[in-house]
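The numbering of the sequence shown is our numbering, which starts it at -10 and goes up by one.
Worth flagging that the hints you see were computed from the coordinates, not collected in a lab.
Predicted, not measured: the structure shown is a model, and the values here were computed from it.
The beta carbon of each residue, even a glycine, is placed where N, CA and C say it ideally should be.
Heads up, a few of these hints could be off.
What the hints assert, rightly or not - With beta-carbon atoms standing in for the labels, derived distance ranges: (1) 179 x 156: 25 to 31 Å; (2) 154 x 411: 45 to 51 Å; (3) 411 x 506: 57 to 63 Å; (4) 661 x 582: 40 to 46 Å; (5) 588 x 281: 42 to 48 Å; (6) 637 x 578: 38 to 44 Å; (7) 382 x 571: 38 to 44 Å; (8) 671 x 297: 48 to 54 Å; (9) 145 x 635: 21 to 27 Å; (10) 247 x 363: 18 to 24 Å; (11) 219 x 297: 33 to 39 Å; (12) 277 x 407: 54 to 60 Å.
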Amino acid sequence: MKKTKVISVTAIVISLLIATPSVAHTNNAGSDSTAINDSTHLLQEVTVEAASVHHKTDRLLYMPTAIQRRMADNGVSLLHAMQLPRIDVNPVENSIKTSGGESVQLRINGVEATTQELLAIQPKDVVRIEYHTMPGLRYGNVAAVLDYIVKRRDAGGEVMANMTNGLTMAGIGDYFVSGKTYCGKSSWSALGNWERRDLKWTRENYETFHLNDRTIETREIGKPTNVRYDYAFLQLGYSYANGDKSLLNITLRDRIDREPAGFENRDSRVYTEEGVNEISDHLSSRQNSPSLDIYYHVALPHNQHLYLDLLGTYIGSRSERRFMSISEEDAATTVIASDTKGRKYSAIGEAIYEKMFKKIKLTAGLKHTQAYTNNRYSVPEGNNSLPDTDETRLSFRSAETYAFAELQQQIRQVGYTVGMGVMRTYNRQGGEKQEKYIMRPSVTLTWQPATQLFLRLNSYVSAYSPSLASLSAVTQGIDTYQARRGNPALKTVTYCSNSLTVSWQSKPVSIDVYTRYSYDHHPTMGETLLEDNTIIRTEDNQRGFHRLCVDGNLRMRPFCNSTSELGKSVSITLTPFFNRYISQGNQYTHTHSNIGLRGGVMAMWHHWLMSADIKTSRHELWGENLKYEEATHTAVIGYRTQRWSANLIMINPFVKHYSQKQEDLSSFAPNRRLAYSDDVSRTLMLNVSINLNFGKQHKQTDKRINNDDTDAGILRGTK
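Input sequences plus hints: build the corresponding full structure.
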């Protein structure tokens, strides 16, 4: 089961470089610039022949080579070419995650950004990527942060377009266009992204229900069922920068998601000892979420900065579900139908203060989120399950306040970052009210005993609130035997994390080993109950959850000493991993271990690019749900020039079915679910991009903090 926070945890990024013998700190364009050996300035196009990574107390600085910039057409493909450790880039979906499947916070010049905004980056403008492997309090202790430091302009403009479409399967398409124009201190920008899918998925479910009077075993064999969705993202922006002194940024965004045929849809036949039933389960949904973001940054005397951000968001959502089971023996029919409408209004305000002393940096911040949600669950005519729930209206009031202070210093080969945060969460639904205060300490220690060896140790305590959907005081029917119920009594969860990174870098070989142990105290995980001969799927604060993750990353450049361009641009990566989970519920204990390997090879020669990636399945246990991530392999061959590029992409060329698998380990109702599709196996796709730009470079200040709210808070009864 996936954890979802009530409020998007948005952190604050203030780029920091403390001088070391090999890397000097300068303040340029409102963001850090790096000089190597005091002579080669990375604001100019250079080829980095030495190690392209530099270690800092709180992050790693990766400088893309001239070849990598030339062979990429946007910020996402550049990241794929750089092959950073523990970062998994899907060139088809344009998704960026850690190798453990966790979300990565993306930033541009310190500003939290979307994947769409990374697609609007021209690789030649990227100075470096700052990789926060163990983000601190300023970032909300997310899994990882990638901050693109890019050059800016003060005249002219740029236009970019990117299109990906299936050749052997026309139901897959991603289309992106962006434009930006500059005029002195002002700039205007616009971008749009449309992602569409029209595929066939087949489901198989094997379930056992231990009821009061009998045990029922079901075998569900599905038929190919349509899954279709359209996701659109639009953004308009205006920025006024007065050099490094101040910046005003106003951004209007809108996300429009339509799923006329949801991924959970299924048409199938269910076989039991009692007979055969025809099943039809269809879900459609839509959501619109416009937002307005106003940001202001001002530089104060004596190396001080103040950052302010205010975000307002509205989320309007609606979903309809209709489940029907018809017996082939006597035509007995079971119908479960629901119609859900939701409205959410939220405001997020944030202030960050930064002071740079001679050797120590102080950062302090305050963030407050206030949200109001109103959801209506109604049952259309013809529903013959859960008849006492004709209509339910739920109103939520939620708030989260977070304050922190953090110190950072580098003393020769040793660096440290220490901070303390205080978090208050508040949730109210009808007569139920919850309030909790949580202390959030954090400490990071680094040591570089030799030029090629670097160690980083990080430990912190953090917290997350249950999702609004989980808190909903409503019950939704799933099928003939089971229902899903929210739990308004869920409490905020505290968790701790400890991690160690050891890195060894050389020109031909680099090795990174990342180890993390974390513990969730009374996490909100799944629970299965039996009430009135019906299986109830719900959540509760369970005893605890332990996870141990070990990731190794070996990157080799076997021909790095070659004088040819091909020799300099061939790289091989291998990433073995090990996961161990211990899920301790109030009534259960489950354990699971998983060993796997991911690997890739990339070669760039003149204008040609060739790459191949293979990934074995990574497993994830949460509560009583065990998810098997799909094993994939992808091959890409492309031709790129300065203004355009074309790529052929082959998805899963060696398997007939692209599949996903899940297991429920509960004692009352264990099950095994399989979903597979032929439409995303042996699929050939074409990607085409165009980059047009004009105007000179400009050292422009950019906003450093950004907030977002995407949680609509709808509880669904789908499987």
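Checked against the structure, which of the hints given earlier come out wrong? 3, 4, 6, 12
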